[in-house]
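Asker: Sequence:
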Amino acid sequence: MRSFFKRALMLLMVGTMLTGQGCTKGPDSQTIAASQPQELKIWAVIDDADQFMPLIQAYQQAHPHITISYKRFRLEEYEDVLLNYMAEDRGPDIFLIHNTWVGKYQSKIVPMPAYTQMVYKFVTGSVTSRKETLELRNEKSVTLRDLKERYPDTVYKDVTRRINTAEPGQPTFYEDKIFALPISVDTLAMYVNKDMLNAAGIPTIPTSWDRFQATMNRLVKVDTNGEILQAGAAMGEADNVERASDLLSALMMQNLTQMVDEYGNPTFALLPEALSGTRNELPSVQALRFYMDFSNENKNVYSWNSSMPNSFDAFVQGRLAYFFGYSYHLPLIKARAPKLNLAISKLPQIDGNQVVNYANYWVWTVSKKSKYPETAWNFINYLAQPDNEKAFLDAAKRPPANKALIEDYLEDEELGVFASQILTAQSWYRGADADAAEQAMLDLINEAKLQPEEKWQSLMRVTQEKVAQTLMSKEY
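Per the working numbering, residue 7 is the first one in the sequence shown, and the count goes up by one each step.
Fair warning: there could be bad hints in the mix.
Unchecked claim - Distance condition first, Cα-Cα at most 25 Å in a straight line; then the derived DSS-like pairs of lysine-lysine:
| no. | residue 1 | residue 2 |
| --- | --- | --- |
| 1 | 47 | 375 |
| 2 | 114 | 377 |
| 3 | 163 | 472 |
| 4 | 183 | 146 |
| 5 | 375 | 146 |
| 6 | 340 | 154 |
| 7 | 77 | 403 |
| 8 | 352 | 340 |
| 9 | 461 | 305 |
| 10 | 183 | 345 |
| 11 | 114 | 183 |
| 12 | 472 | 461 |
| 13 | 377 | 183 |
| 14 | 146 | 227 |
If you are wondering where the hints come from, they were derived from the structure by calculation, not from laboratory data.
Whole structure, please, built from the sequences with the hints as guidance.
Answerer: What follows is the structure, encoded as structure tokens:
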């Protein structure tokens, strides 16, 4: 009995403190339980804590019982640390993963709930009669319909998974669940050294691959020994081309290759049904040939080889006219080459074909081992609100994820091109090992250098099988 009164007294004291002096009715037990101290750990790469801190502070002010810590890691160490700490139950509540990692981490993620229950604090009265009131709210999360309406099409495919949601002992029931949410979507674009184009008498930046090819013989400079002094495009290689697998994938998709079927199985070594009877060669092989020509010294577009430096290094050194990269490359370019006469242009397209761009982005998710999964998902939903997303984007200099914000960035000198490509951006890999799938694409490029072209269709089938083997989930 004595312990009962002690607990009751403690609850009463807590209720008095939470609702303010002189309040005659305290919050109910559910509100009190929900207002107990909570600590959320956020782990990320790329963006500094300063870019999130105003949003974190505003969230904590509305929910004073919640404390949020943010830690940024170097990309090269991030996954090792993340997986090790998760294995020891010391990992974060909220963490950032690449859009192609959702399948890999699916077993470690708690899907987004339909609603989250949150306590808000309100202060009323004057300085002398200050009153704090708590209010418990059920807040609706982003829905599947919201995901389709608010984000580019690729996001729904990338961040949802169909899972069995039936209770134990009940009939199987499969439905789509949201496993992550982005607040920025990046796209592959073309950085241009304007001085090189001006010197070569090229008045306009090419927007089609045909016109892009036509500029090569005016840009490429080779010495008497055949060494490339100035390159037009960094293409045709795997190991010294930044994001080579992304660029090759973009070319394949632009050339009407169906990369995967509706279940995520790779199909890029198959002739799409829509092209049956119109092409004798796989569109993926045609795209591979286009890419490889730039490192073939017997071709008019020869511009690159294995002895060249990394494409990013060549660009900032003033040895490369066109560099294919993302918005995150821009501050790196400015830091390395502040005087470079730079332009950013859309990824060239195939004349007459549907516009296809390539998406590469990061998404926020919640650990299955979090003590506070509802709170964690509530915070991610809070970040994804348009005003909050824009506050982050402006601080971090990133293109948006929410379609409602795209027009705000179309005229931005640095982000406009990336924003303009979001609605047509696609990604395709949704398996369990994105690194292995990427390596398979790079191996394809390297093998194509060694094999005659008549063997490339067979190489494409081998690559497809390699990618298919990465679809099954592993235990990390």
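Asker: Compare the structure with each hint and give your call.
Answerer: The hints, checked one at a time:
no. : hint      : result
1   : 47 - 375  : holds (12 Å)
2   : 114 - 377 : holds (14 Å)
3   : 163 - 472 : holds (22 Å)
4   : 183 - 146 : holds (15 Å)
5   : 375 - 146 : holds (22 Å)
6   : 340 - 154 : violated (36 Å)
7   : 77 - 403  : holds (19 Å)
8   : 352 - 340 : holds (19 Å)
9   : 461 - 305 : holds (19 Å)
10  : 183 - 345 : violated (48 Å)
11  : 114 - 183 : holds (14 Å)
12  : 472 - 461 : holds (17 Å)
13  : 377 - 183 : holds (20 Å)
14  : 146 - 227 : violated (60 Å)
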